[in-house]
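Asks: Okay, here's what each chain looks like letter by letter:
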Amino acid sequence: MYDFAYHKPSSLAEATRLLAADPDAKAISGGHTLLPALKHRLNRPTALVDLSGISEMQGIRREGDALVIGALTKHEAVARSSEVKSAIPALVFLAQHIGDTQVRNRGTIGGSVANNDPAADYPAAVLGLGATVRTSRREIPADEFFLGMFTTALEPDEILTAISFPIPEKAGYAKMRNPASRYVMAGAFVSKGKMGVRVAINGAGPCVFRQTEMEAALAANWSPEAVAGIKQSASGLNSDIHGSAEYRAHLVSVMAKRAVQSAG
Amino acid sequence: MNVVQPFEGIGASVRRKEDRRFLSGRGQYTDDINRPGQLYAHILRSPHAHARITGIDTAAARAMPGVEAIYTSADMASVGGIPCGWQIHNKDGTPMAEPKHPVLAEGKVRHVGDPVAVVVATTRQQARDAAEAIEVGYDVLTAAANLAQAQALGAPAVHDDVPSNLCYDWHIGEKAAVDAAFAQAAHRVVFETTNNRLVPNAMEPRSAIGDFDATTGEHTLWTTSQNPHVIRLLMGAFVLNLPESKLRVVAPDVGGGFGSKIYHYAEEAIVTWAAHKLARPVKWTSDRTEAFMSDAHGRDHVTRAELALDKDGKFLALHVQTQANMGAYLSTFAPCVPTYLYATLLAGVYATPAIYAEVKAVFTHTVPVDAYRGAGRPEASYLLERLVDVAAKQCGFDKVELRRKNFISTDAFPYQTPVALQYDSGDYFSTLDQALETSGWAGFEARRAEAKARGRLRGIGISTYLEACGIAPSAVVGSLGARAGLYEVGTIRVHPTGSVTVLTGAHSHGQGHETTFAQLVADKLGVPIAQVEIVHGDTAKVPFGMGTYGSRSLAVGGSAMDKAMDKIIAKGKRIAAHLMEASVEDVEFERGTFRVAGTDKTKALAEISLAAYVPHNYPIEELEPGLEETAFYDPKNFTYPGGCHIAEVEIEPETGRVQMVNFTAVDDVGRVINPMIVEGQVQGGVAQGIGQALLEACVYDEAGQLVSASMMDYCLPRAEDLAPVSVATHTTLCTHNPLGVKGCGEVGAIGSPPAVINAVVDALRDYGVEHVEMPATPQKIWSILHRQQS
Ligand SMILES: Cc1cc2nc3c(=O)[nH]c(=O)nc-3n(C[C@H](O)[C@H](O)[C@H](O)COP(=O)(O)OP(=O)(O)OC[C@H]3O[C@@H](n4cnc5c(N)ncnc54)[C@H](O)[C@@H]3O)c2cc1C
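Taken in sequence, the protein lines are chains Z and F. Numbered continuously in UniProt numbering, the first sequence closes out at residue 264. Numbered continuously in UniProt numbering, the second sequence closes out at residue 790.
If you are wondering where the hints come from, they were derived from the structure by calculation, not from laboratory data. Be aware that one or more of the hints could be misleading.
[What the hints assert, rightly or not] As a list, the in silico DSS-like pairs of lysine-lysine whose alpha-carbon atoms are at most 27 Å apart: (1) Z:K74 x Z:K39; (2) F:K452 x Z:K231; (3) Z:K8 x Z:K39; (4) Z:K26 x Z:K74; (5) F:K175 x F:K405; (6) Z:K231 x F:K780.
Put together the whole structure using the sequences plus the hints.
Replies: Rendered as structure tokens:
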């Protein structure tokens with residue numbers, strides 16, 4: 001990796017100031033996406049602003065009928081949280097199945113959502129539950145947050161601080177993993193509750209998206225069979241040596257069905 | 001007292017002596033070694049598959065911090081090309097095409113990863129930074145990225161002096177006999193397949209350190225090698241022109257090789273040469289990405305085979321036509337892999353009377369391909385064992401009975417095949433029966449029905465494979481084109497107090513030699529393994545050696561040690577006879593004790609060794625002091641392990657995912673020295689075989705870019721991809737080496753892939769599927785099912 005300056009601020013304000021002062025500085029949380037990119041010399045920030053010392057971004061708590069997870073919360077912490085388990089068990093399942101033990105003990109929900117890798121897990125939950133993304137300067141509804149491949153509504157010096165998940169009546173997640181990388185090849189997060197019926201698809205396309213045809217079918221009839229027959233169009237989906245767009249399109253229906261099954 | 005615990009000898013599952021070091025992180029691997037004043041080399045590699053180099057501007061890079069030197073091929077004009085260790089001859093008797101393999105690209109780059117320039121700097125990072133500042137002008141040319149492209153009309157030539165891209169067009173066997181048999185055949189079965197290209201991926205990446213001592217003129221190379229003496233010979237004699245006496249090659253702890261660390265690589269010559277030039281030690285260590293584009297790859301065949309059977313299913317003849325990808329340059333042993341390690345294995349365990357095989361080796365704009373665990377034999381067993389299944393299905397025979405009917409009978413040994421090899425021993429019926437029993441073959445249909453009720457397609461597959469290892473008789477391989485002998489060397493040094501140091505030319509990089517070899521000494525000389533030290537991997541310590549590959553360490557290296565121990569015993573008897581005032585003929589030796597036959601007069605080995613080193617009362621007139629003996633052992637034949645592997649899989653039709661559910665291996669590896677180590681070797685090999693069958697594919701795109709250049713895209717097996725692997729052995733002894741051993745390092749990777757694919761095809765039997773190419777990925781299975789359904 002190239003040389004860079006290293007800062008470890010202890011407050012959100014200080015972190016924001018550091019990022020605003022240097023357009024080529026980058027935030028780092030768990031580092032499990034950013035560090036491999038640095039090691040491969042794919043990225044050349046002038047400075048890293050390590051967010052891990054900011055206490056305002058920690059913790060899992062209930063706020064009324066929402067579950068709020070601090071951006072620095074590690075995947076493993078979500079996977080083991082009784083708070084999350086009682087509120088949104090599908091989120092525990094999702095966190096348990098990210099990467100491997102090492103990844104889950106370093107990677108954070110904030111880093112994952114801010115990064116918006118098309119093959120990442122959390123974006124499906126954020127969109128599929130209709131969550132709200134809290135940042136250093138505002139609140140952004142999930143529907144306005146994920147803009148495209150590795151692109152979000154975050155400004156360069158804007159820090160994701162927490163995610164507020166409305167607690168659904170039902171929710172479920174299913175994914176097919178890429179055999180090599182174990183990231184998501186196609187996944188579906190489904191939920192039903194005060195945000196309505198939502199179906200978010202990850203892995204299959206360049207960015208997580210809502211499958212509205214499936215949402216309508218589930219709104220009319222919440223059952224695995226309701227989505228099993230709905231075919232996702234392959235057009236615009238990702239294609240690589242592990243899965244063609246057609247295969248991914250097929251998997252979308254299978255994963256949506258399984259997600260509904262697991263939601264009960 | 002040197003009385004051996006019986007459980008430490010041959011047949012005992014003693015724990016591996018070396019594991020304490022490895023498991024506690026105290027192994028000394030090449031990259032762990034640092035020399036005073038050491039510099040770091042970074043290799044700038046080609047991003048293109050095929051391009052003309054129009055210029056290399058190093059001026060900016062030279063001015064960067066820490067840079068000591070930058071070298072291109074122009075600087076290394078006095079350095080020879082990397083030699084190839086095996087010469088194959090064409091059908092017409094002419095030698096194969098052997099284009100130059102320069103250490104650094106000369107004028108052209110021929111694969112992604114081809115080394116172009118070397119930066120030597122104070123730190124690794126500085127070397128890498130400077131490499132990015134080198135400006136290389138490339139005139140990008142069309143690439144021949146695969147076998148088909150390289151043989152198409154008007155294909156770009158990988159080497160200007162080989163316009164056809166054909167390295168050789170070779171054959172073996174009797175074409176006329178095969179043609180005649182086909183004319184008589186009741187059934188003719190054609191099978192076409194691709195054997196997928198693999199990347200070995202040893203856990204430890206390659207590394208090399210060059211050092212030069214100006215006071216003695218001695219060069220030292222530490223390297224991740226399976227055969228340091230071979231590297232000394234090849235690099236000293238052909239590349240750098242250094243006498244052996246001034247070149248020491250050390251291969252310390254090595255973290256896996258699987259073949260990929262047999263070969264002499266450019267980086268070894270680069271660091272040795274640069275260390276001399278700069279009078280400073282120079283280290284290079286590969287990273288994983290670099291390994292994908294510079295370690296020799298494995299397999300990569302395209303084959304058409306046709307089998308002739310009579311009406312009862314007896315095999316009459318086999319005709320095989322194979323194209324083998326050599327990559328851009330000939331790696332050390334590349335030419336022999338698809339010929340003498342492949343086509344000679346096409347009889348397998350079957351008494352097929354006539355076989356004719358034709359092999360075309362082709363240059364492409366890809367990383368060189370060479371031996372990878374099994375080397376040629378996995379390709380042969382895969383072809384045969386799939387072909388037999390296809391034949392059984394097409395002609396309506398039971399796949400087990402068809403195999404049994406064609407097995408070489410147990411009383412037919414020695415058995416001469418139509419493709420050069422003479423098998424010394426085997427019992428294919430017993431390994432088959434035992435595997436059928438262990439795997440519950442007879443009860444499979446009930447398991448399939450139960451799986452179906454769960455929505456899964458369950459299949460079972462069998463492979464009755466054979467391989468040839470323990471390479472190899474020097475005169476035989478010499479006549480076949482090898483440019484080296486393939487004997488092994490062992491020295492037994494019995495110290496004054498009776499402990500033993502063994503020097504062996506074999507090299508351990510995961511196999512457990514420090515334990516197995518010590519067990520040989522414990523068994524024969526009665527010395528506890530704790531008092532036996534195995535020394536390997538250093539040309540300054542071990543007299544000579546040909547190294548470890550082709551499952552040869554025990555069969556050849558162990559036999560050399562055994563012969564050296566015979567010499568120790570013979571000398572010991574003479575000393576014992578003197579001390580006990582008996583005649584030599586009357587002295588017997590067994591496990592550490594010399595005895596005058598029929599008496600209770602005995603001397604322990606330690607008493608004899610003490611007398612040998614303190615020769616006060618000693619037959620000094622007729623016997624030299626000391627107790628150390630060296631033996632060179634040249635094997636009389638290959639060894640022929642074989643056996644039966646049975647795989648059971650379940651397919652999830654919705655996603656196409658194949659789940660291994662069971663794996664049974666019953667192997668005949670000859671005499672077993674340490675059953676636990678054998679089990680580990682077989683399981684590791686099976687894991688790699690399952691990797692080839694279900695997961696691993698090295699993919700180049702049409703332009704010759706390496707698409708699967710990291711673990712993100714190249715899928716190595718993980719624990720959850722495997723199934724419980726039950727390992728058992730059924731022994732017939734090798735008849736021609738003193739230990740009766742055959743070798744177990746590669747059987748897992750050789751026997752398993754066809755068993756797995758046969759199981760996959762069986763799982764899909766209701767869908768009219770004839771064949772599934774490796775790797776049987778979810779996408780591939782889904783596409784097949786999807787096509788059948790629509
Ligand atoms: C081997 C491996 C396997 C993996 N498998 C999976 C998988 O199966 N599924 C999956 O979803 N993920 C997987 N990951 C990714 C892992 O979950 C990452 O840790 C996660 O995506 C990013 O989180 P992080 O905290 O590591 O972010 P970092 O790497 O620290 O940062 C990632 C990016 O987000 C930015 N960033 C970080 N935090 C913030 C913030 N609070 N506000 C604004 N910007 C921020 C950074 O500047 C950077 O651009 C895997 C990673 C590895 C190494």
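Asks: Now tell me if each hint is right for this structure.
Replies: Against the structure, the hints come out as follows:
{"no.": "1", "hint": "Z:K74 x Z:K39", "result": "holds, 22 Å"}
{"no.": "2", "hint": "F:K452 x Z:K231", "result": "holds, 25 Å"}
{"no.": "3", "hint": "Z:K8 x Z:K39", "result": "holds, 20 Å"}
{"no.": "4", "hint": "Z:K26 x Z:K74", "result": "holds, 19 Å"}
{"no.": "5", "hint": "F:K175 x F:K405", "result": "holds, 24 Å"}
{"no.": "6", "hint": "Z:K231 x F:K780", "result": "holds, 20 Å"}
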